[in-house]
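**Student:** Let's have the full structure, built from the sequences with the hints guiding it.
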Amino acid sequence: MMALTNIRDTIPRWVYVILSVAGFVIPLAFWQILSGTHIFSALFLPSPERVFKSFGRWAVSNLWEDTYVSVYQVVSGFLLAAVVGVPIGIYIGTFKIVEALLQPINDFVRYMPASAFIPLVLLWIGIGESAKVSIIFIGVFFQIIVMVADAVRNVPQKYLEAAYTMGAKKGEILSYVIFRGAAPDIFNILRVNMGWAWTYLVIAEMVAADRGLGFAIMQAQRFMDTPKIFVGIIIIGFLGLLFDLSFRIMHRIFFAWSYK
Amino acid sequence: MISTGRVEIKGICKSFRIRKDKKISTWPALDNINLNINPGEKVMIVGASGCGKSTLLRLISGLDQPTAGSITVDRDLVKGPGADRGVVFQQSTLFPWMTVWDNIIFSRRLCISLNARDEQVSRAVYRSNALVTLMGLDQSVELYPNQLSGGMQQRANIARALVSSPKVLLMDEPFGALDAQTRETMHKVVNHLFKVEKTTVIFVTHDVEEAIVLGDRIIVLSANPGRVDTTFTTESVNRDEAGMVKRNDVSFFEFKEQILSRIRATTTMRATDDLLQKVAKD
Ligand SMILES: Nc1ncnc2c1ncn2[C@@H]1O[C@H](COP(=O)(O)OP(=O)(O)OP(=O)(O)O)[C@@H](O)[C@H]1O
Ligand SMILES: [Mg+2]
Numbered sequence: 004m005m006a007l008t009n010i011r012d013t014i015p016r017w018v019y020v021i022l023s024v025a026g027f028v029i030p031l032a033f034w035q036i037l038s039g040t041h042i043f044s045a046l047f048l049p050s051p052e053r054v055f056k057s058f059g060r061w062a063v064s065n066l067w068e069d070t071y072v073s074v075y076q077v078v079s080g081f082l083l084a085a086v087v088g089v090p091i092g093i094y095i096g097t098f099k100i101v102e103a104l105l106q107p108i109n110d111f112v113r114y115m116p117a118s119a120f121i122p123l124v125l126l127w128i129g130i131g132e133s134a135k136v137s138i139i140f141i142g143v144f145f146q147i148i149v150m151v152a153d154a155v156r157n158v159p160q161k162y163l164e165a166a167y168t169m170g171a172k173k174g175e176i177l178s179y180v181i182f183r184g185a186a187p188d189i190f191n192i193l194r195v196n197m198g199w200a201w202t203y204l205v206i207a208e209m210v211a212a213d214r215g216l217g218f219a220i221m222q223a224q225r226f227m228d229t230p231k232i233f234v235g236i237i238i239i240g241f242l243g244l245l246f247d248l249s250f251r252i253m254h255r256i257f258f259a260w261s262y263k
Numbered sequence: 011m012i013s014t015g016r017v018e019i020k021g022i023c024k025s026f027r028i029r030k031d032k033k034i035s036t037w038p039a040l041d042n043i044n045l046n047i048n049p050g051e052k053v054m055i056v057g058a059s060g061c062g063k064s065t066l067l068r069l070i071s072g073l074d075q076p077t078a079g080s081i082t083v084d085r086d087l088v089k090g091p092g093a094d095r096g097v098v099f100q101q102s103t104l105f106p107w108m109t110v111w112d113n114i115i116f117s118r119r120l121c122i123s124l125n126a127r128d129e130q131v132s133r134a135v136y137r138s139n140a141l142v143t144l145m146g147l148d149q150s151v152e153l154y155p156n157q158l159s160g161g162m163q164q165r166a167n168i169a170r171a172l173v174s175s176p177k178v179l180l181m182d183e184p185f186g187a188l189d190a191q192t193r194e195t196m197h198k199v200v201n202h203l204f205k206v207e208k209t210t211v212i213f214v215t216h217d218v219e220e221a222i223v224l225g226d227r228i229i230v231l232s233a234n235p236g237r238v239d240t241t242f243t244t245e246s247v248n249r250d251e252a253g254m255v256k257r258n259d260v261s262f263f264e265f266k267e268q269i270l271s272r273i274r275a276t277t278t279m280r281a282t283d284d285l286l287q288k289v290a291k292d
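Protein chains in written order, with the working numbering: chain A, 4 to 263; chain B, 11 to 292.
Where hints are given, some of them may not hold.
[As the list claims (entries may be wrong)] Straight line, CA to CA, 20 Å or less: simulated EDC-like cross-link-like pairs of lysine to aspartate or glutamate:
id	chain 1	residue 1	chain 2	residue 2
1	A	Lys161	B	Asp112
2	A	Lys99	A	Glu164
3	A	Lys263	B	Glu207
4	B	Lys256	B	Asp284
5	A	Lys161	B	Asp226
6	B	Lys205	B	Asp189
[Stated by the list, open to error] Cβ-Cβ distance ranges computed for the label pairs, FRET-style:
id	chain 1	residue 1	chain 2	residue 2	range
7	A	Ser178	B	Tyr136	36 to 44 Å
8	B	Lys208	A	Ser178	32 to 40 Å
9	A	Met209	B	Asn156	45 to 53 Å
10	B	Asn42	A	Asp153	37 to 45 Å
11	B	Thr195	A	Val112	39 to 47 Å
Quick caveat, the hints were computed from the structure, so don't treat them as lab data.
These numbers come from a predicted model, not from an experiment.
A virtual CB, placed ideally from N, CA and C, is assigned to each residue, including glycine.
**Tutor:** Here you go:
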């Protein structure tokens with residue numbers, strides 16, 4: 004009997020792959036069976052087949068445009084938040100005076116739900132692209148800041164001390180030690196926040212958009228087009244997975260040193 | 011040539027603030043330490059655990075500030091850490107995100123500006139290469155620190171600390187985490203190194219044999235608070251033709267016993283029968 008249940012132990016690659024596929028196939032089969040029994044009306048639970056057909060119909064109309072719009076919004080909102088948030092987080096985690104100035108207010112704003120800002124954003128910016136980008140930005144910006152600040156604080160003091168004894172100055176400590184040391188964690192933080200950005204995109208598109216996947220889902224609900232709602236949700240999940248996977252692969256390439 | 015690396019430690023005291031029973035009190039770790047260390051001298055500091063060896067080394071490195079007293083290196087007052095004093099810690103401090111080579115050349119790279127002359131760069135590379143070979147790391151320069159064994163990591167740490175030709179090399183139990191065999195190999199390497207590098211060395215260890223093998227002078231610190239208890243020189247120990255201490259010689263054992271008895275006398279930790287029985291009862 005092969006030991007597959009050892010704590011933190013690795014398992015053979017093929018076992019891993021089979022289990023991951025099964026993780027998808029089992030719910031799918033369950034869904035197929037459940038919809039076949041007609042316990043629920045097709046309006047509430049369409050069969051996988053109908054959902055797939057709906058996907059085909061959407062694909063030949065404007066699925067790609069909707070997807071493109073959504074991806075574009077997510078990436079812009081996320082990048083904007085990352086480009087501004089990461090440096091702020093690094094400075095908060097490194098300099099106490101920046102921490103004192105920015106961390107309390109950041110924590111305060113962070114606990115305000117981003118969706119509660121939607122009315123305000125609509126009031127200030129109106130419906131459209133910039134409204135969506137703003138909502139995504141608000142959703143992840145403050146989170147990125149706290150998480151990056153923590154990652155930076157976690158760089159062991161011994162590396163900073165070693166650098167000082169080799170004559171490093173403040174700026175050099177910041178770029179060669181603190182930033183380099185925290186980079187793998189910062190990258191992971193960005194991956195997690197990319198996932199949240201998708202959540203905020205859909206929320207934003209449901210109320211503040213005239214295009215995009217979230218908007219399409221809302222429209223489908225209005226016309227009782229349940230299969231299309233399913234397609235929309237699945238596509239968003241799929242895109243999220245794709246982004247997550249590419250972040251993980253890049254992490255392995257950029258930060259090979261952090262793996263044993 | 012004027013020899014450099016004279017370290018003068020004058021009246022050094024260091025106390026820590028500690029909280030005990032909700033009161034903050036100061037606790038003296040080092041009390042009035044005076045030491046004059048000559049250029050190129052290899053000074054070993056031994057003493058019971060917790061007597062303040064690491065504290066003293068951190069003060070010389072400039073990572074901590076003394077409560078009183080002053081430390082000078084070639085008349086320059088130590089105000090903070092600097093490249094003139096290389097440090098090797100017990101735990102490796104190689105940056106995991108850089109290859110061994112990038113780690114070793116780190117301090118040189120800091121000094122060399124973007125528009126440095128080629129000759130400056132090649133001199134830094136030349137010395138780094140020499141140290142890499144001396145430390146037996148030729149095959150490992152492209153590896154990352156987590157791919158090295160403990161002994162290799164410490165050799166890389168030593169090379170890194172030496173690459174900028176510091177006046178003083180400070181070592182805090184650099185081989186404390188290594189097994190006995192590796193440690194003995196390291197002693198050979200370091201002995202060789204100490205002969206070619208004229209840098210002053212202040213070396214903290216709890217291993218008395220290590221201190222005898224590597225040092226010119228051995229200083230025993232007493233504990234609570236840390237004071238200079240006794241100073242020994244290793245002149246009286248017999249050596250072989252290569253100048254290495256003879257480990258199997260009677261003089262070696264006698265000398266070791268002398269030092270150990272001083273350490274024992276200054277240890278505050280006691281394993282008396284009385285205490286042991288108390289522990290056993292519970
Ligand atoms: N940051 C600190 N705050 C409070 N007390 C400290 C601090 N650093 C060291 N001490 C105290 O100072 C004393 C000396 O510590 P130090 O680490 O220098 O001992 P050491 O001789 O290096 O011991 P060892 O051989 O176990 O490494 C100890 O009693 C320790 O508790
Ligand atoms: Mg110590």
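**Student:** Hints first: check each against the structure and report whether it holds.
**Tutor:** Hints, one by one, checked against the model:
For the proposed pair lysine 161/A and aspartate 112/B, the alpha carbon gap of about 18 Å is at most 20 Å, so the pair holds. For the given pair, lysine 99/A sits about 18 Å from glutamate 164/A by alpha-carbon distance, which is consistent with the 20 Å threshold. About 35 Å separates the Cα atoms of lysine 263/A and glutamate 207/B, which puts this hinted pair outside 20 Å; it is violated. The hinted pair formed by lysine 256/B and aspartate 284/B fails the criterion: a straight-line CA distance of about 40 Å is larger than 20 Å.
Simply put, lysine 161/A and aspartate 226/B have alpha-carbon atoms about 29 Å apart, too far for the 20 Å limit, and the pair is violated. At roughly 24 Å between alpha-carbon atoms, lysine 205/B and aspartate 189/B are farther apart than 20 Å, so this suggested pair is violated. Serine 178/A and tyrosine 136/B have their C-beta atoms about 26 Å apart, which leaves the hinted 36 to 44 Å range violated. Between lysine 208/B and serine 178/A the CB atoms are about 34 Å apart, so this pair conforms to the stated range of 32 to 40 Å.
The supplied range of 45 to 53 Å is met by methionine 209/A and asparagine 156/B, whose beta-carbon atoms lie about 47 Å from each other. At roughly 42 Å, the beta carbons of asparagine 42/B and aspartate 153/A sit within the given window of 37 to 45 Å. Here the CB-CB span from threonine 195/B to valine 112/A is close to 58 Å, at odds with the stated 39 to 47 Å.
Violation of the numbered hints given earlier is confined to hints 3, 4, 5, 6, 7 and 11; the remaining hints are satisfied by the structure.
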